[in-house]
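Residue numbers (the UniProt record's numbering), protein chains in the order written: chain A, 1 to 406; chain B, 1 to 406; chain C, 1 to 406; chain D, 1 to 406.
Among the clues, some could well be false.
Put simply, identical chains are the same to the list, so a pair is met inside one copy or across any two.
What the hints assert, rightly or not - DSS-like mimics (lysine-lysine), calculated; alpha carbons at most 30 Å apart, straight line:
#1 K370 - K6
#2 K173 - K195
#3 K257 - K349
#4 K195 - K175
#5 K370 - K104
#6 K173 - K370
#7 K195 - K349
#8 K195 - K361
#9 K257 - K195
#10 K370 - K195
#11 K349 - K370
#12 K257 - K175
#13 K370 - K144
#14 K370 - K175
#15 K144 - K104
#16 K144 - K6
Simulated from the structure, these hints should not be mistaken for lab results. All values reported here derive from a predicted model rather than from experimental measurement.
Protein chains: 4
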Amino acid sequence: MSDPIKRVVLAYSGGLDTSVILKWLQQTYNCEVVTFTADLGQGEELEPARAKAELMGVRPEHIYIDDLREEFVRDFVFPMMRANALYEGLYLLGTSIARPLISKRLIEIAAEVGADAVAHGATGKGNDQVRFELSAYALNPDIKVIAPWREWDLTSRTALIAFAEAHQIPVPKDKRGESPFSTDANLLHTSSEGKVLEDPWDEVPDYVYSRTVNPEDAPDAPEFITIDFERGDGIALNGEAMSPATLLAALNELGRKHGIGRLDLVENRFVGMKSRGMYETPGGTIYALAHRGIEQITLDRGAAHLKDELMPRYAELIYNGFWFAPEREMLQAAIDHSQEKVAGTVRLKLYKGGAYVVGRKSPNTLYSEKVVTFEDDAGAYDQRDAAGFIKLNALRLRLLGRRGEG
Amino acid sequence: MSDPIKRVVLAYSGGLDTSVILKWLQQTYNCEVVTFTADLGQGEELEPARAKAELMGVRPEHIYIDDLREEFVRDFVFPMMRANALYEGLYLLGTSIARPLISKRLIEIAAEVGADAVAHGATGKGNDQVRFELSAYALNPDIKVIAPWREWDLTSRTALIAFAEAHQIPVPKDKRGESPFSTDANLLHTSSEGKVLEDPWDEVPDYVYSRTVNPEDAPDAPEFITIDFERGDGIALNGEAMSPATLLAALNELGRKHGIGRLDLVENRFVGMKSRGMYETPGGTIYALAHRGIEQITLDRGAAHLKDELMPRYAELIYNGFWFAPEREMLQAAIDHSQEKVAGTVRLKLYKGGAYVVGRKSPNTLYSEKVVTFEDDAGAYDQRDAAGFIKLNALRLRLLGRRGEG
Amino acid sequence: MSDPIKRVVLAYSGGLDTSVILKWLQQTYNCEVVTFTADLGQGEELEPARAKAELMGVRPEHIYIDDLREEFVRDFVFPMMRANALYEGLYLLGTSIARPLISKRLIEIAAEVGADAVAHGATGKGNDQVRFELSAYALNPDIKVIAPWREWDLTSRTALIAFAEAHQIPVPKDKRGESPFSTDANLLHTSSEGKVLEDPWDEVPDYVYSRTVNPEDAPDAPEFITIDFERGDGIALNGEAMSPATLLAALNELGRKHGIGRLDLVENRFVGMKSRGMYETPGGTIYALAHRGIEQITLDRGAAHLKDELMPRYAELIYNGFWFAPEREMLQAAIDHSQEKVAGTVRLKLYKGGAYVVGRKSPNTLYSEKVVTFEDDAGAYDQRDAAGFIKLNALRLRLLGRRGEG
Amino acid sequence: MSDPIKRVVLAYSGGLDTSVILKWLQQTYNCEVVTFTADLGQGEELEPARAKAELMGVRPEHIYIDDLREEFVRDFVFPMMRANALYEGLYLLGTSIARPLISKRLIEIAAEVGADAVAHGATGKGNDQVRFELSAYALNPDIKVIAPWREWDLTSRTALIAFAEAHQIPVPKDKRGESPFSTDANLLHTSSEGKVLEDPWDEVPDYVYSRTVNPEDAPDAPEFITIDFERGDGIALNGEAMSPATLLAALNELGRKHGIGRLDLVENRFVGMKSRGMYETPGGTIYALAHRGIEQITLDRGAAHLKDELMPRYAELIYNGFWFAPEREMLQAAIDHSQEKVAGTVRLKLYKGGAYVVGRKSPNTLYSEKVVTFEDDAGAYDQRDAAGFIKLNALRLRLLGRRGEG
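Sequences and hints are given; from them, build the entire structure.
See the structure below:
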């Protein structure tokens with residue numbers, strides 16, 4: 001019914017699954033495939049993806065391998081961190097925040113190469129398909145989206161491997177059997193889910209963790225660090241200026257070493273089911289705490305409380321894939337407005353799984369020792385004002401007790 | 001202008017400050033003082049308060065010493081925990097939640113003894129005065145409230161001690177000098193503030209902590225526990241049924257041992273200033289995590305997200321002293337409605353300052369392994385539904401990209 | 001793949017469209033059809049539906065015709081009115097609120113007759129399909145739902161009429177051509193949309209209105225009425241006690257006469273598009289104003305403002321079809337908690353399209369003339385308290401102006 | 001205790017009350033008074049204020065008379081209207097929105113003339129004192145604020161007149177007796193309260209209205225108008241471009257003629273009591289409806305619903321006097337972000353007290369006739385997508401019905 005697809009840009013990791021998809025797209029749609037492989041800090045070599053794509057007939061000029069790490073942290077992770085975003089009170093949204101950037105590049109590349117469709121390897125049960133596609137449609141309402149795992153009735157892992165072998169797609173040894181869990185990684189976090197994690201009563205096995213040492217194996221002495229902020233964003237570690245991605249990478253190393261940022265979570269997916277995941281967000285966990293720490297002395301109460309009230313909605317929007325929706329942008333405008341003076345230094349203690357803010361200072365501080373001190377304060381605060389303050393705050397409550405008196 | 005006060009009920013700790021107030025009330029208002037001393041689990045002997053009150057001429061039948069621990073946890077702490085309440089993202093509201101109960105008893109006793117006023121020892125700079133008085137006025141709109149520390153120009157600690165000595169009020173040795181910080185304690189937490197804590201850049205000195213060991217000094221091996229819930233409230237520890245206060249006390253012991261629940265915070269007071277406090281909430285920290293854990297598998301997403309959005313307001317109301325306000329009760333009605341099926345068991349790991357949910361199960365679980373699994377699921381979920389779901393969620397975003405086409 | 005359907009309960013109006021659906025269900029699914037026709041106050045005779053159903057072979061004991069008017073107003077309209085619900089600031093949700101009740105009966109009847117499916121005649125572009133189906137699934141997770149207008153490729157009105165004629169389904173004369181708009185009606189409102197209404201710049205033609213006179217044709221003299229409330233619900237008109245449905249019907253007559261409750265709206269559908277509709281809600285418009293009127297003197301500010309903040313979400317939930325979702329029930333619990341003392345009498349003026357609250361009184365009033373008066377008030381309010389109230393509210397704003405002073 | 005005040009800027013209307021205050025300030029504080037009289041469109045001649053001030057010894061260069069009408073509408077009324085702000089569901093905030101502008105000028109003038117204080121004539125029971133003072137403190141944390149009506153024990157109107165006469169302040173004849181009500185007016189509205197309005201059961205007497213004809217006396221024929229918008233603000237009436245203040249003034253004339261914008265309200269004051277007021281907002285009522293009308297076709301659903309949810313808080317902030325608080329600015333940033341494409345033309349019908357949107361069109365429209373039509377739509381919308389959309393929205397509700405199945 002709709003026009004045939006001529007050229008499609010595939011989000012291509014270079015791994016088995018998206019290689020199978022590449023071939024399947026060529027066969028099923030009889031179309032040209034353009035591959036896009038992003039370095040978001042997942043810690044894998046990306047050049048092998050080029051060779052594989054070439055092997056499957058992708059034109060060299062149609063193989064895109066981009067280092068997006070700085071853009072990822074600067075334009076996605078940090079803005080989100082300004083909001084202190086936590087999904088369902090706990091999750092730092094490490095997977096969710098990477099998807100809109102990938103879609104943005106898919107759509108940009110589609111425009112460059114004149115593609116009429118984009119494709120991704122997310123399954124039909126997860127949130128990622130939603131995130132990829134909402135972002136794609138928001139950025140190009142006319143784009144077509146192909147989600148092979150929703151279309152193709154590949155009923156088992158065995159069938160997938162058979163398809164790969166039938167088409168000369170190399171199958172790594174460790175992919176031959178069923179994997180006990182699946183992962184996604186980027187500079188902000190690694191997530192794991194599936195199989196061995198599916199019973200939420202069972203503890204996550206040790207071998208699932210890849211980004212952090214077990215707290216029991218972390219150093220026996222705490223380590224103290226400082227992070228500097230400017231306009232709500234981190235700019236330096238231990239006094240050394242760093243770019244966003246460099247800073248996050250350095251915090252990841254610290255977090256890894258001290259076993260910080262493990263989270264065992266049962267969460268509610270946008271598609272309607274509960275799932276159990278394990279997240280490792282070493283640097284992000286430290287960063288998020290530090291950001292709250294610097295806000296404590298530089299953010300006005302009204303601004304801080306409004307942010308806290310808006311946050312769950314903001315986090316939900318990102319989780320659900322609405323990064324490029326007007327309401328996320330509106331909330332971002334409000335949040336960013338609050339961050340202008342969020343600057344200064346936070347000192348943290350890292351120790352065996354825990355990160356603790358132990359000090360904060362700022363040239364923009366709103367904390368006034370003069371006002372808060374128990375001692376005489378030379379008129380900075382008149383205690384008698386409190387009586388009137390309480391009286392008028394109490395008035396409506398007292399009138400409730402006299403209801404009907406008129 | 002207003003009628004003279006004849007009888008006043010004083011929130012009396014038995015300590016130096018409220019003893020001085022007791023005397024001052026007798027002198028200044030020439031009125032009869034009734035003392036009320038509450039056991040909220042602060043861990044002090046209360047009987048000495050009786051002797052002191054008697055010494056200062058309080059009639060024996062006018063000396064109230066009540067064990068409110070069960071009421072405190074059952075009717076105040078647990079309902080608040082059902083909301084996952086955190087003030088400014090971090091604070092478990094340990095001081096805030098105790099004040100309305102004290103006011104409630106003050107007002108009840110005032111009715112019993114025919115008092116026309118209540119009095120408290122909170123200062124004119126803090127939140128507690130507001131909490132005490134808003135609660136008192138809400139429960140009895142005609143009550144008079146005396147806040148001696150707002151009325152009395154006692155300009156220094158020295159003057160207070162002089163007054164005490166002039167009136168044969170015993171001054172404990174450790175109260176002779178300036179205390180380096182002040183504390184408030186109950187079964188939920190101990191808070192410390194003032195003096196040595198006033199520079200938010202300085203780390204909290206070790207000697208300030210009283211309820212928890214330093215994480216570095218906690219056991220080198222993790223400990224695993226389970227907490228059982230029913231209708232949103234904790235009912236058992238490691239399978240052993242416990243009353244609310246007993247459960248919280250037992251968790252406090254575990255938290256103390258493992259160094260859990262320390263919080264160094266700069267917060268925004270209702271009276272308009274920022275202050276820096278240190279909180280130790282050992283059992284409450286564990287309990288709060290466990291409650292989130294059991295909600296993860298028993299609470300529907302719609303209910304969970306609504307709770308998360310309402311929570312900051314709810315926490316702010318408690319912090320500001322509006323426990324007995326209609327809007328807090330409305331929020332409580334909504335929250336409690338959500339808790340009916342929040343039942344089951346949470347397993348936690350406690351280790352060197354950290355508490356981690358590692359498993360949860362429930363007879364009321366909403367988690368469906370059948371639906372979530374990557375494998376074939378016999379029709380529990382049709383992946384093709386996701387396409388329509390995404391398409392309609394994307395429709396408005398696509399129309400934005402076609403704005404003006406009509 | 002799924003089991004064949006044996007018996008289906010159809011929401012049957014007796015009109016052409018659902019008669020065609022009835023036949024189509026019998027043919028396509030080869031199943032037994034049970035019909036359910038609800039009197040929600042739409043003002044049509046329902047008995048003809050019985051004869052038609054019988055003609056098409058529905059068993060007499062399988063023809064359900066229920067008068068749901070009281071249940072509709074008491075359990076759906078009034079609870080919603082307690083919330084002052086307005087979708088997108090203006091729409092009183094007249095269609096939205098009827099759907100869950102129809103689904104509730106469909107599911108009840110399905111249980112009674114042992115049906116495995118329910119069916120409705122809503123189209124694939126509107127909100128009603130969502131409302132019907134979400135309610136049905138919420139009440140019976142195993143029910144199957146058939147939406148013929150989504151399944152059946154009936155590409156035009158002509159095809160539908162041809163089908164009807166081919167199957168001896170009578171086609172009323174006025175249904176032979178294209179209708180210039182379509183309507184839905186119940187005791188709360190009549191909605192119209194489609195065709196002549198589709199250009200939002202064109203004024204709604206006079207002939208579309210059916211429930212109200214044109215304001216220009218309304219009486220030249222205003223009419224004054226009173227409505228009495230108890231626990232947030234209307235109980236009497238002009239002093240005469242009335243059941244919920246009787247009261248709403250009587251207000252509808254008043255609204256019709258005075259041309260009250262017309263609304264020309266472009267709204268956002270849950271399925272992602274904008275649509276233009278015309279609503280007539282004569283009695284509901286008057287009732288909603290009166291409810292706000294009585295709340296003004298009986299609801300505390302904290303409760304009132306919380307209600308106002310929760311309302312848009314509550315209205316959205318009803319609009320989107322989530323009446324039977326936990327979060328709607330949570331909000332209802334909060335709202336209902338606030339209504340206990342909402343009682344008294346509101347006086348309104350009705351005149352040429354407008355309804356105006358002109359007076360309200362209540363045995364539970366919180367309005368205190370003594371407190372508010374400009375005159376001396378014998379100590380009900382001490383103006384000097386305002387100074388302290390303002391000073392402490394201003395403190396954080398002043399500290400902002402001194403940022404960085406520490 | 002604090003330094004003596006040397007020079008104070010008084011918000012001076014030229015009327016009896018502020019003339020008495022002027023004299024009282026000179027006497028009581030022995031300071032120099034600078035007068036500031038603002039034209040906010042209240043419709044009074046302001047030059048007489050100059051003569052009166054001079055008579056009381058104010059230096060000519062210390063008499064400020066400013067026409068602030070354009071600034072008022074452009075920088076205060078229109079930004080507020082972008083939010084569709086309604087306090088307690090009904091009130092267009094006509095008084096509230098004028099106060100911050102007056103304070104802003106007071107503080108600016110204080111800086112120009114080197115004054116150390118500002119003064120206003122608001123009473124100790126109302127909201128205006130709060131609005132004046134919070135704004136003043138926010139703009140200059142060191143300013144002193146004098147509120148004579150809170151300080152001065154003028155116990156009656158008679159005493160005030162006696163003071164005036166003793167100091168050669170002219171007392172207009174109509175001010176000799178008690179006024180039956182008091183008013184405040186500006187270009188947006190006139191408010192009336194007090195005395196004859198104090199019983200909320202009594203209808204507002206006809207003679208209280210001053211800005212609108214009685215709807216019964218309005219023209220018998222409706223009038224149709226158009227308003228053009230650009231970036232969320234009105235720019236033209238009936239196709240004629242107008243400045244903000246000119247547009248609002250012209251709408252006021254239309255509203256006056258057709259009896260539009262009367263509101264009888266019992267509201268909750270920030271200082272804790274309920275009060276009854278009568279508001280006339282003729283042009284603002286029309287404008288507010290028109291703004292909603294243009295948003296209906298130009299604002300995305302996500303943006304629109306977020307705005308609706310934020311609005312009650314935003315309105316409360318303005319009502320309470322927090323215009324210059326960070327959280328109001330944050331909300332404004334979010335709201336303004338949404339208005340970029342809010343442009344086009346709204347057509348309204350004005351008739352006997354009512355204003356009705358009857359048409360809207362926009363070059364930026366998001367309304368798509370192609371998508372919404374009942375007819376075939378060439379693939380703009382696939383009805384089958386709705387099935388998946390509903391299924392996944394229903395999933396969590398169905399799982400609720402299967403709770404415990406695991």
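Checked hints:
1. Only between protomers do K370 and K6 lie at most 30 Å apart by alpha-carbon distance; the minimum there is 27 Å, versus 70 Å within a single protomer.
2. Taking the shortest Cα distances, K173 and K195 sit within 30 Å of each other inside one copy (19 Å), while across copies they are farther apart (62 Å).
3. With identical chains, the CA atoms of K257 and K349 are at most 30 Å apart both within one copy (13 Å) and between copies (20 Å).
4. Proximity of K195 to K175 under the C-alpha cut-off of 30 Å is restricted to the intra-copy arrangement: shortest distance 15 Å within a copy versus 57 Å between copies.
5. With identical chains, the CA atoms of K370 and K104 are at most 30 Å apart between copies only, with a shortest distance of 28 Å across copies and 50 Å within one.
6. Taking the shortest alpha-carbon separations for K173 and K370, only the inter-copy value of 29 Å comes in at or below 30 Å, while the best intra-copy value is 67 Å.
7. Only between protomers do K195 and K349 lie at most 30 Å apart by alpha-carbon distance; the minimum there is 22 Å, versus 35 Å within a single protomer.
8. In the homo-oligomer, the alpha carbons of K195 and K361 lie at most 30 Å apart only across protomers (17 Å), although the nearest pairing inside one protomer, at 46 Å, exceeds that limit.
9. Taking the shortest Cα distances, K257 and K195 sit within 30 Å of each other inside one copy (27 Å), while across copies they are farther apart (35 Å).
10. Taking the shortest Cα distances, K370 and K195 sit within 30 Å of each other only across copies (12 Å), while inside one copy they are farther apart (58 Å).
11. For a Cα distance limit of 30 Å, the shortest separation of K349 from K370 inside one copy, 28 Å, qualifies, whereas the shortest one across copies, 42 Å, does not.
12. Taking CA atoms no more than 30 Å apart as the test, K257 paired with K175 passes inside one copy only; the shortest distance there is 29 Å, against 45 Å between copies.
13. Proximity of K370 to K144 under the C-alpha cut-off of 30 Å is restricted to the inter-copy arrangement: shortest distance 19 Å between copies versus 62 Å within a copy.
14. Only between protomers do K370 and K175 lie at most 30 Å apart by alpha-carbon distance; the minimum there is 24 Å, versus 64 Å within a single protomer.
15. Within a single copy, K144 and K104 get their C-alpha atoms as close as 14 Å, which meets the 30 Å cut-off; across copies the closest is 39 Å, which misses it.
16. Taking CA atoms no more than 30 Å apart as the test, K144 paired with K6 passes inside one copy only; the shortest distance there is 11 Å, against 39 Å between copies.
Hint check: no violations occur; every hint is consistent with the structure.
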